[in-house]
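**Q** Here is what each chain is made of, one letter per residue.
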Amino acid sequence: MKMYYLDFEQAVAELEGKVEELRALNQPGIEDEIKRLESKARKELQRIYGKLGAWQTVQVARHPQRPYTLDYVEALFTEVQVLAGDRAFADDHAIVGGLARFAGIPILWMGHQKGRDTKEKIQRNFGMPRPEGYRKALRLLRLAERFHLPVLTFIDTPGAYPGIGAEERGQSEAIARNLAVMSDLDVPILCTVIGEGGSGGALAIGVGDRLLMLEHSVYSVISPEGCASILWKDAGKAAEAAETLGITAGRLQSLGLVDEMVPEPLGGAHRDPQAAAQSLRERLLPQLEGLLRENAGQRLAARYERLMGYGVVGEA
Amino acid sequence: MSWFDRILPPKIKKNTIPAEKAAEGKRSVPEGLWSKCPTCQAVLYRTELEENLYVCPHCDHHQRISARQRLHFFLDAEPRLEIAAQYLPVDPLRFKDQKRYKERLAEAQTKTGEKDALVVMRGLLQGRPVVAAAFAFEFMGGSMGSVVGARFAKAAETALGERCPLICFSASGGARMQEGLFSLMQMAKTAAAVERLAKAGIPYISVLTDPTMGGVSASLATLGDVLVAEPQSLIGFAGPRVIEQTIREKLPEGFQRAEYLLEHGAIDQIVDRRQLRPVIAEMLGILGGGETAG
Chain A
1 MKMYYLDFEQ AVAELEGKVE ELRALNQPGI EDEIKRLESK ARKELQRIYG KLGAWQTVQV
61 ARHPQRPYTL DYVEALFTEV QVLAGDRAFA DDHAIVGGLA RFAGIPILWM GHQKGRDTKE
121 KIQRNFGMPR PEGYRKALRL LRLAERFHLP VLTFIDTPGA YPGIGAEERG QSEAIARNLA
181 VMSDLDVPIL CTVIGEGGSG GALAIGVGDR LLMLEHSVYS VISPEGCASI LWKDAGKAAE
241 AAETLGITAG RLQSLGLVDE MVPEPLGGAH RDPQAAAQSL RERLLPQLEG LLRENAGQRL
301 AARYERLMGY GVVGEA
Chain B
1 MSWFDRILPP KIKKNTIPAE KAAEGKRSVP EGLWSKCPTC QAVLYRTELE ENLYVCPHCD
61 HHQRISARQR LHFFLDAEPR LEIAAQYLPV DPLRFKDQKR YKERLAEAQT KTGEKDALVV
121 MRGLLQGRPV VAAAFAFEFM GGSMGSVVGA RFAKAAETAL GERCPLICFS ASGGARMQEG
181 LFSLMQMAKT AAAVERLAKA GIPYISVLTD PTMGGVSASL ATLGDVLVAE PQSLIGFAGP
241 RVIEQTIREK LPEGFQRAEY LLEHGAIDQI VDRRQLRPVI AEMLGILGGG ETAG
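Residue numbers (the UniProt record's numbering), protein chains in the order written: chain A, 1 to 316; chain B, 1 to 294.
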C-alpha cells in the first residue's frame, strides 16, 4: 500500500520518494545511495516524532492507515468469534465485539471500528456509534460477567454519532447506562485507546480497572476543532485547543489519568502494525494477568476508588 | 401580596422582602418590577411571577431559574443544610483560550455568587428527609467539571449513608472543556455513584430541566430510577446545531424537547414545576426510600 504522508512529514515523503525512484531504476551500484537516503529519512522521522505537538499527534491518531480494532484483534487473539447485534434494534457496525483467547485466556473483546475505503467508512459510520452500538456493547458486557470473562476494550472513535435517529433512540441513556454498568461489572476490564478517544462516545466503553494509551493516540473531552469553534469562535484554532486541552498519552499519564503508555514503532503504528501489536501485547498481558490475580471484591473496590478519585478540587 | 407592595418602586421594595427570600430570588432574574414572558410576551409582575415559581401564568412557559431558587422552591422551608460546598474549583491544566479559565471562574463567581455549578442540600420534602442537588446553569452553562462531580458524588454518598432519596435537577450544556479529560471522567464518577445507590435500593429521581445536554445528559441525568422533565426542556446528547451541521438538514419540529422525549420513550413524565413537590413526594412514598428516620 502506498504510504500516506501527513503534512508535517513532507521531508520524509521526499526522501522515501527518492528511495523508491532509485529502487525502480534497479541499477547496480546505487545501494549505498539508497542506504544513505533511508538513514536520512529515519533521522528525519526521529526528529519529527521526537517533538510531536498535540495537534500533530491528533493527525497521527487519525491517520487513514493506522491499525484499527479488528487489526489488533487479528494480531493479538486466537479463536475469534464475532458477536453481533443489540437484540432490540440493529447491529451497529461502528462497534465490534466478540469472544476470543488472548495468550490462551478466554476473554471478551470490543472496540470502535472505522472503515478503510469509502464504502466501509460509510458502513461503519466513520467509527461513530449510535445507541444500538452501545447497547450491543452492554449486552456483551453482561455476557462477559455471566461467564466470568475479562473484558478488553479498544477505543477509537471521533465520538458518538450526532444524528436524529441516534437522539430519538436515546444516545444519552445508552452511554450513561454503560458507564454505570462498567463501574460495577464483576470481571476485570482493561481499556486501551488505540487512536481517537472522542469524548463520551469513547468513554462509553472506557470505564474499567486500567486505562492504557498508545503513544500517538489522543483522548479528549471534545474534539480540538469543536473546542476551538466554541471558545475561539474559530475552528482554525484547533492546534491551540489541542495543546491546551492536554490530550496526548504523555500529558494524560502525567496528570494521573492514564496508567500506561504503549510505545509505537518510529513514525507511528501504521508504519509497522505488527510491531505495534506486539508492543501492545507486551503491555496488555501483564496487566490482564495482574488483574486476574486480584480477588473480585478488592478489584471492584479499587475500581470504585479509582472512579471517585477522578478530578482535581480545592477544599475550603 | 397587597396593592401597596405592588406599586412600590424596586429599590424600596427590595428592603421589604425578607433578606433570605431576596437572596434566593435576586440572581437569574432581571431587576425591576415588570418582566415580559419571552414566549407569549405577556407583561408580568415580578413578585407574581416568583410566587408562580417563574412559570408564566398566561402560557405556562417555564423560565430558567437559579440553582438556589430551585432548591428553595423544592424543599420544605426548614430545615435545610448545604453540603459539599467545601469543594472549590482549581485550574489543573492552566487552561487558556481567549481568556484564562481562572478569569472565567472568577467572573462566574462574581456574577452568580456561586463557587461552582452544583448546589447540594439536605432537607425535607413534605416532611421526608431527602438530599437534593441542583445545577446552576447560570454558572458557566452549568458545565460539569471536577467540583460538580465531587459535589454530586458527595450528595449520593450522603443519600446512601442516610438511606434517604436523592433528587437531582439538571441544567447543563455538558462537560466543562476547560478541565479537559478530568471533566469527561466526571461522567464515569457520577455514574458510578448513582450505580451504588441503585444497588442499595435508594431511590434517585432525576429531574431534567432546560437545558440538559452532552456529558451531563449522558451520565447522571439519564440514570434516575425515575426521569421527570419540565415542559419544553431541551434534552439531548448532541446539540441541535451540531446535528444540523452533521446531517445538513433541518431538524423536526420540537426535536429534543421534553414532549419529543416522552413520545420516544426516553422519560417517564413531564411535570409542571408547580407540581414537582407533590408528584415527587408521592413517587418517593411508593418507592419507599427515606422512611422517616427513627
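In short, the hints are calculated from the structure, not lab data.
Hints may contain errors.
[Claimed, not checked] Residues on chain B that point at chain A, a partial pick, calculated with CB under 8 Å:
#, residue
1, Lys-96
2, Met-185
3, Ser-217
[Claimed, not checked] Distance windows between CB atoms, simulated:
#, chain 1, residue 1, chain 2, residue 2, range
4, A, Gly-297, B, Leu-287, 37 to 47 Å
5, A, Gly-17, B, Glu-259, 54 to 64 Å
6, B, Glu-78, A, Gly-165, 43 to 53 Å
7, A, Gly-309, B, Gln-109, 21 to 31 Å
8, A, Leu-25, B, Pro-240, 52 to 62 Å
Note that the Cβ used here is the ideal one computed from N, Cα and C, for glycine as well.
**Q** Compare the structure with each hint and give your call.
**A** Against the structure, the hints come out as follows:
1. For Lys-96(B), the shortest C-beta to C-beta distance to chain A is roughly 6 Å, which falls under 8 Å, so the interface hint holds.
2. For Met-185(B), the interface hint holds, the least distance from its beta-carbon to any beta-carbon of chain A being 4 Å, beneath 8 Å.
3. Nearest Cβ of chain A to the Cβ of Ser-217(B): about 4 Å, under the 8 Å cut. The hint holds.
4. In this structure the hint that Gly-297(A) and Leu-287(B) lie 37 to 47 Å apart at CB is violated, the actual value being about 29 Å.
5. For the pair Gly-17(A) and Glu-259(B), the supplied restraint of 54 to 64 Å holds, since their beta-carbon distance comes to about 60 Å.
6. Judged by the Cβ atoms, the range 43 to 53 Å given for Glu-78(B) and Gly-165(A) holds: they are separated by roughly 48 Å.
7. At about 26 Å, the CB distance of Gly-309(A) to Gln-109(B) agrees with the hint of 21 to 31 Å.
8. For Leu-25(A) paired with Pro-240(B), a C-beta distance near 58 Å keeps the hint of 52 to 62 Å intact.
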